[in-house]
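Using the hints, position chain B against chain A.
Residues per chain are reported as follows:
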Amino acid sequence: MDQLPQIYAENIHRWLPELLYYSLTTLKIAAVSFALAVVFGVFIALMRTSTNRFLRGFASVYIEIARGLPIVVLLYIVYFVPPQLFPELNWQWFSDFTGAVLGLALHGGAILAEVFRSGIEALHKGQREAALTLGMTPIQSMAYIIAPQATRIVLPPVANYAIGLLKDTSLCSLIGVNELMNNAKSIAFADYQPMAVFVLIAAIYFAMSYPLSLAVRYMEWRFNVSR
Amino acid sequence: MGFFQILEKNGWYFLTSLLGGWPETLSVAVGALFFALIFGLLIALLRTSKWRALRWPATTYVEVFRGTPALVQLFVIYFGFPDVGFQPSPMQAAIVGLGLNGAAYLSEIYRAGIESIHRGQMEAALSLGMTPARAMQYIVLPQAIRTMLPPITSFAIVLLKDTAIVFAVGVVEVMAIARNLVTETLQSAPIYLMAGALYLCVTIPMARLAARLERQRQAWQ
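Listed in order, the protein sequences are those of chains A and B. Counting in this note's numbering, the final residue of the first sequence is number 227, and the numbers go up one at a time with none missing. Counting in this note's numbering, the final residue of the second sequence is number 221, and the numbers go up one at a time with none missing.
Possibly wrong hints are sitting among the right ones.
[Claimed, not checked] Covered stretches of chain B, going by a simulated chain A footprint (3 or more residues, C-beta under 8 Å):
| # | stretch |
| --- | --- |
| 1 | 53 to 66 |
| 2 | 69 to 79 |
| 3 | 93 to 103 |
| 4 | 180 to 194 |
| 5 | 199 to 206 |
Derived by calculation from the structure, the hints in this document are not laboratory data. All values derive from a computational prediction rather than experimental measurement. Glycine included, each C-beta is placed from N, C-alpha and C at the ideal position.
Here chain A stands alone, though its shape is the one from the complex:
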């Protein structure tokens, strides 16, 4: 067997451009599902903390199911089940990309809902009341009192979720989305160099996730000082 450095020297000019091109798809999946997950997360967190018993119940059941299912299973359910349950509808628009994003976002919504809820509950009600008593409008109290404190609590776990999400996009290859992982598989088996190709994409994933994990560490350090 050739040594890895030699394999890279011979093939990297073919592999890297293609892999980097598909890591853009990976980033696109991660970005779209992150945005959707934040929206779902806010809605579910509001339902979970609402006074309506029905909404609260729905939110807790949703959270328990979405967090209890393996992500792969959730992806398979979201992508393969609806078209079969409702075959009379038009499923042309439902691409593997859409299915992947929806599945990841449904899972992320449950994770983020818990994060947001703990952020809301961590803030003492007195903070808002005090701000209102001082003559601030509700909007001012949100902008200057509640939001800055809640951000400090919520941001590190949200960034941690983003790191997990970035890595979880690799699971979309299993339902056939042509992203980084799937493309690496094709290259690895076509060129018969699995070790070299998979180590290379591990490095690419690492290069994408490590800056985020440094950011988390910085935030945890930065937000701790004034506690």
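For chain B alone, kept in the frame of chain A given last:
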């Protein structure tokens, strides 16, 4: 045929086939858990060591394994290792892959647990004439276990859910059987929903247990 007719006609066949995958799923989960429990402790001890030469490789290990997807790690082990002259079986690859990945996460849990025990405990043990290893074994770790048990339970849940990807390296566990059933009968809706329900039957009680352990821990403190 509607969903419920299919379920009535083939439900029992689907259910028994899927249940047949659980021994494999659980073997992977339990094997990887043991691997991670032992290897993670080693990494945690290295990370809390006095010597930089020991700390540095352990930190790098944790960063690398937490910074890359578990699926990629499994592929490196299962498809990559034959290149360097070792062909693992699917089961070996799954246990080692998820175990190495889990060790990186567990080492952080161990480290937080060890660091939660006051330094004075270690110093007192050392001044009583214990060696550092004995002090760790008899004084620090038994106390740290209390703090570590709830996150370790949560970790076990995550690990169990992660076993759903090992069909990609050829282990015939629940998801692999579900996929085979779909290829055989083309009934993706009942099969995947049933597979999901089976996972929930295990993960939800475990999550309840983890929450209870956490409440007990907080009551102790």
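TODO: List, from low to high, the hint numbers that the structure doesn't satisfy.
DONE: 3
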